[in-house]
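With the sequences and hints as input, model every part of the structure.
Protein sequence lines, in the order shown, are assigned to chains A and B.
Going by my numbering, the first residue of the first sequence is number 1, and it counts up by one from there.
Going by my numbering, the first residue of the second sequence is number 1001, and it counts up by one from there.
To be clear, the hints were calculated from the coordinates, so they are not data collected in a lab.
Hints may contain errors.
Listed below are the simulated SDA-like cross-link pairs for lysine to any residue, each with C-alpha atoms no more than 20 Å apart in a straight line [what the hints assert, rightly or not]: (1) A:K213 with B:R1212; (2) B:K1255 with B:V1172; (3) B:K1195 with A:E155; (4) B:K1255 with B:S1293; (5) A:K295 with B:Q1533; (6) B:K1107 with A:E278; (7) A:K201 with B:D1009; (8) B:K1056 with B:E1074; (9) B:K1184 with A:G18; (10) B:K1530 with B:D1210; (11) B:K1184 with B:L1147; (12) B:K1107 with A:M292; (13) A:K158 with B:T1313; (14) A:K229 with B:M1105; (15) A:K58 with A:G18; (16) B:K1489 with B:Q1533; (17) B:K1195 with A:A296; (18) B:K1455 with B:R1272; (19) A:K154 with B:D1046; (20) A:K63 with A:R45; (21) B:K1455 with B:L1490; (22) A:K201 with B:Q1533; (23) A:K158 with B:N1039; (24) A:K295 with B:L1165; (25) B:K1179 with B:R1212; (26) A:K295 with B:L1221; (27) B:K1455 with B:T1313; (28) B:K1107 with A:E155; (29) B:K1195 with A:L230.
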Amino acid sequence: MNQTSLYTLARAYFELSGSNILEDEPPYRLTIELSEEADQALGYRPFYWSYITHMRMKPELLKKTYRFLDVMEKDWPLSSTNDVQNRLSIAPLPGFHQQEEWISWGSPRLYRMFEAMMNHGRYTCLYAQNPAVGRLTPYLFVSYTISQLAHHRKESIKSYLVRLTDLYLEPIDAQDLFSKKHLSPHPPHYTSLLPRMFHPKSALQRSHEAVRKMIEEQFQDWVKEAEAKLEQERMRLDAYYQALSTHLDKKSHTFSPVSPRSKQKTVTPQEAQQALEERLKAIQQDYVMRDMEIKALYTPQLIVELEQVALLYLE
Amino acid sequence: MNLPIHIHDQRFDTFLEKLEHNGPWHTARAFEWAYHVRNLTLIDDDRSLLAERALKRFTFYPHQLDVARRVIFEMHGRAILADEVGLGKTIEAGLILKEYLLRRMVKRVLILVPSSLVLQWQRELWQKFEIPAMPVKKAHTWEAYDLLIASLDMAKRSPHREIVLKQHYDLVIIDEAHKLKNPKTQNHQFVQALKKKYFLLLTATPVQNDIRELYRLVDLLRPGHLGIPDEFAREFIVGKRTVKNADRLKTSLGKVMIRNRREDHLKTLPSRRVITIPVTLSREEKRFYEAVSRFIEREYTRRGLSKALPLLTLKRELTSSRDAVYRSLLRMYERLPQDAPLAAEIAELARLGQSIQRHSKAEKLVDLLQTIHDKVIVFAEFHPTLFSLQKRLATSGITSVIYRGGYGRNKKDWMRELFMTRAQVMLATEAGGEGINLQFAHHLVNYDLPWNPMKLEQRIGRIHRIGQTQDVMIYNFATEDTVEMAILKLLYEKIELFETVIGRLDAILERLPQGISLERHLADLFIRSKSEQELRLRLGTVVDAIQALKKEVEAEKRLDPLPDDDCEKEGIQ
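Spelled out as structure tokens, the structure:
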């Protein structure tokens, strides 16, 4: 998580969202006039924005200073540590706006940025530049997040390239693709583009199949293990509630319904029976709820989410 | 084998739409960054805490991080956090919550705490963990927000109850969970009926009177973990606080409960320095003190024990301040018929009080405060004392805020904030100060001494706790030739109250037979002792008794084969 500095990330976000960088002191500080897009994503002021749009007014954009907390404390350029301490201890509560803000790897604001960055980089269409041969082939690029969910969450990314001329599929490291190929939004001159023989939908089916197959090969054991764990937990629960009910049942049979202590209040056998049934019902109810919780906690699931799609023309 | 695979590809429709219109496409750079960010936020590490790296505003103690790791990776998010007071259970719960949020494993969270701590929880979660939790004030909040803090007492009542029980929560945290120990109570039934996936119970005292209380907490958390009640009783219970098969019970409990002990983790806490400030009464004050004492003594023997409570209070007030005494006298006066001889006497006492021009104790306090150029917390037991002090301090230009029971949570919060940012002095009662954290202050004044050592502990615990970075100065005001001096010299100093590690004391006093209140015993002793010598003698027996208990606790600790395990100590021995 720590290879990229918060400063770099934030700067990338503000540049991408078209915000105006007013002051800049890497890697400690950024002062920004937020663009409309960034303001809407980070500002938490939906009422303001709906008002401005309805009244067709010129919005007054937020100006903010972000300071970054991933730099080691001793490296801070501020005058005194006391100053830093003060600012850290008096963070405003959520909903209060402040000119300055400290961003750490746990900040909700940072996660808003991440979300915005992801939502603004999902779909694209790009062309390879300067091809050796004067011909580019269309590919569908898809990238999935695979989440293994049980009592833990574990995620991995899987990306594929599917050739749209013959549905040939290959797994690909997206990082590799970005760094090696020079891609541009415009087709290069004097180059012919091969037509798409298959609909992107078919290509998507192809990659779905591939990801399914990959999961079935790799996560078989994990699922088995998780299911065993679930079964074990449910068995404990079953045994416990079973024991509780039988115990209650037995108790009601062995003791006479009228115990010597409750002399004034005589309990008829029917009443005792009714009380017992109610207790049993309560136990049953409790069992159903706890069973649901156990299932929610331990049931293994493999969630595959389509994150990014691109139409690429490559050599 | 069919694997439970679910593919979500709704985003492809957007892609097709864009394809049809040939755009607008996202740029190559944005696309690349999006991929990069996705990679960066990928949860692919199931060994270490993300929160540890993510939170830089606050330094955590190793035992806190350890608790979070164990709860998440070993206990799968269902645990009793039973650290002793002052080790930061709130911090541990916050860490666990943050970790689950960062891992995107929880979304809907409910935190149930005592009403007075709602805002403190909110503030700590935000300032230390950047978790924006919403305190519930109105019923509509329940469904409008994902992260909620509410008081248990409110949540269990209609109309809230019905709404809450309908929700599915990913994580439920309950502070002061010992309130759930009785399965017949509404508290217990309500919590049992909550739908929850991960579940944390926080309590410093998982066993108060009976080992069965612990069983019930575990039963709430992981039904069946300790068998059915009869099995549990047969296997493990000998008496209320004694168990058999201790090792097996320990192992079993270790899977659902974590208990850290102060002695093991708080060695680094800065020391306390105690300074006694003797106060000499002026002639008028002395006269007033003696007159009221005589009055109390006489009335006490006349009334007998049953109606003595107001007198006991009066006796305690006498060492606090004149204004506190007035309040009680006034109350007594109002209850008497107009022409009762007692009424005349009370009026006479009040007149005596009026003749006092200078309050020696208050003057001493002003002198002291003027030499300390730092935040000071002044504790007193009675509200009138606080009010008169605030007035006195104001005339000397010392800023102060009052913090007492009876203030609403918003007001309390505001007062704390004012103390932190503006005022030099906080005037507080220990009832008001329960649970608040004031580590940023280093000076504490006991303007009067409570007759219950636990209360004194509470007071000191406000500033002498985890997070305190400097030595703590404790100033005890004691008026010479009064019960106050006696209590300080003959009781508190004898039992080494100020030197004892925080928390040892509760383990000791817990052992007093139930129903015996040290406070009342002392008051009785002070009023009834005829002479100085008798008083010394009788206080001596109290000291002996407490020291005997102390030895008992220490001896048991030595016998314990695994002294600082995660198990509940009291219960095991």
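Problem - Satisfaction of hint between B:D1009 and A:K201, Cα-Cα up to 20 Å - result: 11 Å, holds
Handout entry: B:K1489 paired with B:Q1533 [C-alpha distance capped at 20 Å]
Key = 14 Å, holds
Handout entry: Pair hint B:K1056 and B:E1074, alpha-carbon separation not exceeding 20 Å
Key = 25 Å, violated
Practice task
For the pair supplied as a hint, B:K1455 and B:L1490, confirm whether the alpha-carbon distance does not exceed 20 Å.
Solution key: The given pair, whose Cα atoms are some 18 Å apart, holds under the 20 Å limit.
Exercise for the section: Mind checking the alpha carbons of A:K213 and B:R1212 for me, to see if they're no more than 20 Å apart? Expected result: 52 Å, violated
Handout entry: 20 Å limit on alpha-carbon distance, applied to hinted pair B:K1255 and B:V1172
Key = 19 Å, holds
Practice task
Assess, step by step, whether the Cα of A:K154 is no farther than 20 Å from the Cα of B:D1046, and give holds or violated.
Solution key: Cα-Cα ~7 Å, so holds.
Handout entry: Proposed proximity, B:T1313 with B:K1455 (alpha carbon, max 20 Å)
Key = It holds: about 15 Å lies between the C-alpha atoms, which stays within 20 Å.
Handout entry: Restraint check for B:K1195 with A:A296, where alpha carbons must lie at most 20 Å apart
Key = 10 Å, holds
Practice task
Please work out if B:K1107 and A:E155 have their alpha carbons no farther apart than 20 Å.
Solution key: 17 Å, holds
Handout entry: Given pair status - A:R45, A:K63, alpha carbons within 20 Å
Key = 14 Å, holds
Practice task
Please work out if B:K1184 and B:L1147 have their alpha carbons no farther apart than 20 Å.
Solution key: Distance ~29 Å between B:K1184 and B:L1147 Cα, so the pair is violated.
When each numbered hint is compared with the structure, violations occur for hints 1, 3, 4, 5, 6, 8, 9, 10, 11, 13 and 22.
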